[in-house]
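Visitor: Spelled out, the chains give:
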Amino acid sequence: MTVELQTVLLIGAVMFVCGVVTMATKRNAVGILIGAELVLNASNLNFVAFAYYTSFGIDGQAFALFGIVLPAAEAAIALAIILNFYNNHMTVDVDRANDLKQ
Amino acid sequence: MIQTLINSWPNALFYMMALVTVACAIAVVVTQNIVRAAVWLLFTLTGTAGLFFLLGADFVGATQLLIYVGGTMILVIFGVMLTARGPFVQMKTASGEWTLAAIVGLTLFGLVSGTLISTDWSRTKKSEAAVKAGEGITEANSPTTMQLGLEFLGVPPQNPKISRDPAGIGYLLPFEIVSVHLLVVLIGAAYLARAKRRKATTS
Amino acid sequence: MSDLIHKILLPLLYTVIIMLFFQLQAIIFVWLERKVSGRIQDRLGPTRVGGKFGWLQTIADGVKLLLKEDLIPRDADRAMFRVSPYIVLCGAFAAFLVIPFAFQWAAQSMNVAVFFMLAVMSVEVFGVIMAGYASGSKWALFGGMREAAQVVSYEVPMAMNIVPAVMASGTMNLNDAAQMQAGWFWNWMCFHDPFTFFAAIMYLVCATASVKRAPFDLAEAESELVAGFHTEYSGFRWLIFFMAEYASMLAVAWIATLMFWGGWNGPLPVAQWLTKAGITLGTWDGPSFIPNVGGRILGLLNFIAKGYTLIVVMMWVRWTLPRIRIDQVMKTCLKYLLPITCFLLLGAAAWPLFVRTRQGGQIGGFVAAGLLLLIVGKAIVSTPKSAAQGRREIVYK
Numbered sequence: 001m002t003v004e005l006q007t008v009l010l011i012g013a014v015m016f017v018c019g020v021v022t023m024a025t026k027r028n029a030v031g032i033l034i035g036a037e038l039v040l041n042a043s044n045l046n047f048v049a050f051a052y053y054t055s056f057g058i059d060g061q062a063f064a065l066f067g068i069v070l071p072a073a074e075a076a077i078a079l080a081i082i083l084n085f086y087n088n089h090m091t092v093d094v095d096r097a098n099d100l101k102q
Numbered sequence: 001m002i003q004t005l006i007n008s009w010p011n012a013l014f015y016m017m018a019l020v021t022v023a024c025a026i027a028v029v030v031t032q033n034i035v036r037a038a039v040w041l042l043f044t045l046t047g048t049a050g051l052f053f054l055l056g057a058d059f060v061g062a063t064q065l066l067i068y069v070g071g072t073m074i075l076v077i078f079g080v081m082l083t084a085r086g087p088f089v090q091m092k093t094a095s096g097e098w099t100l101a102a103i104v105g106l107t108l109f110g111l112v113s114g115t116l117i118s119t120d121w122s123r124t125k126k127s128e129a130a131v132k133a134g135e136g137i138t139e140a141n142s143p144t145t146m147q148l149g150l151e152f153l154g155v156p157p158q159n160p161k162i163s164r165d166p167a168g169i170g171y172l173l174p175f176e177i178v179s180v181h182l183l184v185v186l187i188g189a190a191y192l193a194r195a196k197r198r199k200a201t202t203s
Numbered sequence: 001m002s003d004l005i006h007k008i009l010l011p012l013l014y015t016v017i018i019m020l021f022f023q024l025q026a027i028i029f030v031w032l033e034r035k036v037s038g039r040i041q042d043r044l045g046p047t048r049v050g051g052k053f054g055w056l057q058t059i060a061d062g063v064k065l066l067l068k069e070d071l072i073p074r075d076a077d078r079a080m081f082r083v084s085p086y087i088v089l090c091g092a093f094a095a096f097l098v099i100p101f102a103f104q105w106a107a108q109s110m111n112v113a114v115f116f117m118l119a120v121m122s123v124e125v126f127g128v129i130m131a132g133y134a135s136g137s138k139w140a141l142f143g144g145m146r147e148a149a150q151v152v153s154y155e156v157p158m159a160m161n162i163v164p165a166v167m168a169s170g171t172m173n174l175n176d177a178a179q180m181q182a183g184w185f186w187n188w189m190c191f192h193d194p195f196t197f198f199a200a201i202m203y204l205v206c207a208t209a210s211v212k213r214a215p216f217d218l219a220e221a222e223s224e225l226v227a228g229f230h231t232e233y234s235g236f237r238w239l240i241f242f243m244a245e246y247a248s249m250l251a252v253a254w255i256a257t258l259m260f261w262g263g264w265n266g267p268l269p270v271a272q273w274l275t276k277a278g279i280t281l282g283t284w285d286g287p288s289f290i291p292n293v294g295g296r297i298l299g300l301l302n303f304i305a306k307g308y309t310l311i312v313v314m315m316w317v318r319w320t321l322p323r324i325r326i327d328q329v330m331k332t333c334l335k336y337l338l339p340i341t342c343f344l345l346l347g348a349a350a351w352p353l354f355v356r357t358r359q360g361g362q363i364g365g366f367v368a369a370g371l372l373l374l375i376v377g378k379a380i381v382s383t384p385k386s387a388a389q390g391r392r393e394i395v396y397k
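Chains as they are written, first to last, in my numbering: chain A, 1 to 102; chain B, 1 to 203; chain C, 1 to 397.
Read the hints as simulated data drawn from the structure, not as lab findings. Note that the coordinates shown come from a computational prediction; the quantities given were computed from them, not determined experimentally. Do not rely on the hints blindly, as some may be mistaken.
Here chain B is said to cover these stretches of chain C; the calculated rule only asks that three of the stretch's residues, wherever they fall, bring their Cβ under 8 Å from a Cβ of chain B [as the list claims (entries may be wrong)]:
(1) 4-17
(2) 108-116
(3) 121-127
(4) 141-155
Ideal Cβ placement from N, Cα and C applies to all residues, glycine included.
Using the sequences and the hints, build the whole thing.
Guide: What follows is the structure, encoded as structure tokens:
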């Protein structure tokens, strides 16, 4: 496969920016979580690319494994928080989450 | 002619998978419907798993499918469906915010891709011996599982061309910390999501 | 030229063969299910279409389904409604990529074959959820949600029950794991140590739940939710769901066969006997026997027979046991199966520390099998002879 490292990293960069823009524009709290998942996947892709192309070796894949397990845990907690918020306020619109603002 | 087709088939496959991933990632941003966004994210994650397989990380790719697609995405979809009632399925953002987000996003993309393209990656390339040693890494007998297992047990593979850390410690401590972390997250999520009486407040 | 063959023609051939097999087994299973269910219910099953045994009944069913009206409900999300059967189909089909049908006859031999199969089959859940949501009816949504919770929960003990077998064989490559079980039936991985034996049984239970078969078929509970997540699907779209369900049943049955029940190696080493007798079915490479094409065809038939035996067991269980409720399903998984599975994992990991030889393990495996037979036999023997006698015993106690 003669695809270069830069191409794979560029794909990761596109995914990363898509995730950041999703986090910035979505008003739904679950939409923000979706953006966070995209960002973490982009970083995983970078790790695996470095494992394949550079002398980083198998360590890249080990980090990618951590980067799969930890975001799964984070998504669980984030969803628990969102569901609590929904139960209390009947909305998932993050613009309405301004209870602490006096 | 057929020979060039055969030689460029792995590249073509890679570009197809990359196109799917990028297109679905852009679709996540653009779509207004939250359920559609979750579905596009699913396809993005599956495309990423395909890219992992093409980059020789078969264990990581299978883990991505099992945990991300078959676990985290189910969680996200459950969250979407439990909270998607009427007005929350399509929440429109003001166009001023879109413009600002687009400017920030494009700036970030320019910054990151500019750095990527202008870096000289040839200094980090694998040495010739490492390329030869890792040559079979996309073939069927790739030893990634064994190497990963040894690394997580704290015994990194002794071949210094495969692992950067030839006499090092490996990843046993982070592995144990992640196990405890998952236990904590499990208990925390179960506590947070316990059944309570619903307080309806007018906001 | 050999590049052309190896990189384009052979993969195409493998894909075509697997696709044909995938569709053929759906036809066979529909007929088999109707015959098995008929016999269990003391009737004959289909006997009219295609002669005395109703061979062509499935073809007639297929033609009927193709000619049905293609309905999409008004409230349905049209794009998702159309896509979701194909997601389930792709998840089930891709699992066949790494199955070795005989010695080294796998379309793609991967080092993480078992893990890959389990991972790809977990993509089906998403198709089911999408189908439930996109149908626009609350029965479908309930069915989809219940089914997603059930399948995702049962994937955990299912995967954890494979781990003792992986630990015993030392490899996740299905070809190597099956080849290690060559010879007599006591080489099978299920008799490797008592923990792997119980893991083999537990795996079948968890796999039955994971492919949504009775007694865990809340997703398609005909008497409760009309038809669960595929209520609004008719005709060809329903056929896709059905085909995918039977395909995943066969895939999990084949995983069990390859990891626990010997793969293509029979209970008796017939290929080796025939080779010694004169019909060459393979060559001896030291102590291990490498079958040639004839031996591999014999192995293929053996493999298919074992898979179908496990499928018949699944069907037998379906038509015998009543359906269990969704809360009982989740309780069984989380409170009973998961702790037992963790205990088996611990035992299978600690076993080689105490028992060093393979023979010792096999003795342990047979002791476990004998114990299970004893318990099951006692339960069968002590059931009342008839319902009336059972009632009398209860009344007079």
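Visitor: Each of the hints needs a verdict: does it hold here or not?
Guide: Verification of the hints:
1. 4-17: holds (count 3)
2. 108-116: holds (count 7)
3. 121-127: holds (count 4)
4. 141-155: With 5 residues in contact (Cβ-Cβ under 8 Å with chain B), the coverage given for the segment 141-155 of chain C holds.
The structure is consistent with each of the numbered hints, conforming to all of them.
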